[in-house]
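Could you build all of it, start to finish, from the sequences and the hints given here?
Residue numbers (our numbering), protein chains in the order written: chain A, 1 to 304; chain B, 1 to 304.
Hints listed in this document are in silico derivations from the structure and should not be mistaken for laboratory results. Heads up, a few of these hints could be off.
For identical chains, the list gives no copy identity; a pair is met inside one copy or between any two copies.
[What the hints assert, rightly or not] Here are the simulated lysine to any residue pairs, SDA-like style, with alpha carbons at most 25 Å apart:
1) K75 with G181
2) K75 with V279
3) K32 with H193
4) K41 with R89
5) K41 with L57
6) K41 with V98
7) K41 with G164
8) K41 with D119
9) K75 with P192
10) K75 with Q92
11) K75 with E206
12) K75 with G231
13) K75 with S222
14) K75 with L186
15) K41 with T182
Protein chains: 2
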Amino acid sequence: MAEISAILADWGTTNRRAWAVDRDGNVLDQRKDDQGLLGVKDRAFEASFRGFIGDWLKAATPAAPIVMAGMVGSKLGWREAPYVAAPARFGQLAEHLVALPDVDGHPIRIAPGFSAREDGRPDVMRGEECQLYGLWLSARADRLCVLPGTHSKWAGIRNGGLDGFRTYMTGELFSQLCGSGTLAQLMQPDAPHDAAAFQRGLSVSEGASAGALLNRLFSVRSLGLFGELPGEALASYLSGLLIGAELRDATVGLDGSVAVIGSSRMNGLYVSGLSAIGVEAEPIDGDPLLRTALLAIARDAGLL
Amino acid sequence: MAEISAILADWGTTNRRAWAVDRDGNVLDQRKDDQGLLGVKDRAFEASFRGFIGDWLKAATPAAPIVMAGMVGSKLGWREAPYVAAPARFGQLAEHLVALPDVDGHPIRIAPGFSAREDGRPDVMRGEECQLYGLWLSARADRLCVLPGTHSKWAGIRNGGLDGFRTYMTGELFSQLCGSGTLAQLMQPDAPHDAAAFQRGLSVSEGASAGALLNRLFSVRSLGLFGELPGEALASYLSGLLIGAELRDATVGLDGSVAVIGSSRMNGLYVSGLSAIGVEAEPIDGDPLLRTALLAIARDAGLL
Chain A
1 MAEISAILAD WGTTNRRAWA VDRDGNVLDQ RKDDQGLLGV KDRAFEASFR
51 GFIGDWLKAA TPAAPIVMAG MVGSKLGWRE APYVAAPARF GQLAEHLVAL
101 PDVDGHPIRI APGFSAREDG RPDVMRGEEC QLYGLWLSAR ADRLCVLPGT
151 HSKWAGIRNG GLDGFRTYMT GELFSQLCGS GTLAQLMQPD APHDAAAFQR
201 GLSVSEGASA GALLNRLFSV RSLGLFGELP GEALASYLSG LLIGAELRDA
251 TVGLDGSVAV IGSSRMNGLY VSGLSAIGVE AEPIDGDPLL RTALLAIARD
301 AGLL
Chain B
1 MAEISAILAD WGTTNRRAWA VDRDGNVLDQ RKDDQGLLGV KDRAFEASFR
51 GFIGDWLKAA TPAAPIVMAG MVGSKLGWRE APYVAAPARF GQLAEHLVAL
101 PDVDGHPIRI APGFSAREDG RPDVMRGEEC QLYGLWLSAR ADRLCVLPGT
151 HSKWAGIRNG GLDGFRTYMT GELFSQLCGS GTLAQLMQPD APHDAAAFQR
201 GLSVSEGASA GALLNRLFSV RSLGLFGELP GEALASYLSG LLIGAELRDA
251 TVGLDGSVAV IGSSRMNGLY VSGLSAIGVE AEPIDGDPLL RTALLAIARD
301 AGLL
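As structure tokens, then:
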């Protein structure tokens, strides 16, 4: 077995994942658990991290670096890694690493997130910037990308960096509307995905202004009330309506395809939604991109 | 004291109100309590209603009618009064009254709600149609109206009826986003209204598509995170963003003023929001309109 030359991690709010890799980024071992920031008591991050991958530290080559991304660099994390303001090039990630005291002789660094500003409104990401860097490294091409999730992030890679990006709260709003309130009442939230209802929701999102969305949302209830959509189809219809709104806004004026980065259940919905509105989509697994970027950041910073 | 010639009521899901009036609609007595449909056990509507206004029944002239509107006519109410499909004239309300067995010799009727359809999506109202009828009776003028509430209703009165109407879920969405989730985290929900933050939210709603709303909502969090809006101002900002979206959509192409009907705390926000986007608004108390309409319906139906 090759030697562990670097330890890479994505430590989020509710989960964390880590990979032990060789110099070329080949995965020698990997782990995930539910000890996100919220699971760490009394800010005992180091002890928690040793509990997670302590055996890798012993097995790794001397001074093999540890590079982490995600909410671990937020105010509530192990140590704050302030946002780098976009427009920014990916090379700045290595320049703004935040150092923690070495662990058993291994340098340990947290990558910063990116911030952006549009019409005076700030926006932020932590973790996604690394996947985007990974895509740039693997394709070296300008590209519109979306990372679906509770908060999906849209960013255009341009010339090795980001000019800006946008967060859409689509996933969270969907969860809230399915969880309680008027729309939830007639829904059967555990019903399987209904592709036809999803497509119907996508069509209803066409041409909708912000206010029209507040009106069209009510059709989730009224279609159920009038028996025109069964309870099992309402969540898929709502999902189509919300995702359709996001996709239409985020792809205005787009000439080309969209990279749909990630591995969540939502990626399939995004790919089929983009196809339905006539936009070509390429699904890309986010984990290899993340590892590629974290390893590159270690190299950019002279740690490897 | 004049005699009670009619008993008028608005019986909703969580509250009910009733008025004892003379032949000219002058209010002789009025009551409200929290025994909405949800408060009535085992469908004992008659007993509950007798408990509420039983003394009026004894004091009223023989055969004085009782006319009710609101959710009491829904599937979950005392008796279902099926929706009248718009386009509809207000005169149809009397034609589609649903009769219950007389109570101590008093005829008792439930007014139907209205339904509408736009691009295949159904919409419904129960209770608001009576206030709109009341406005028609008092002004005899075509008019764009809004009835703010958890679900606000927009309807254009035209020639003694409605061609259609729209429900906006603005109020409910506001409550849900203030109650839990990412935006709620930084908010101080009990803070007093912040007029400047409300106006800022109104501006941010300008030109927003449905998807752009899903993005701009995130600024409630990011402005808080960056300390650019204090926690006490975030709910007012969100309120401006959502109400602004509704107002802009509902007044597209409008030439004239909007009647803002009701008495809720939200009416003031709607009036100030309309003014901010350059639309004249006239606030109108909804209760007298409701009584005017219910009494007229009693007359239209030959009960008075």
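Hints numbered earlier in the text: which of these fail when held up against the supplied structure?
2, 3, 4, 7, 8, 9, 11
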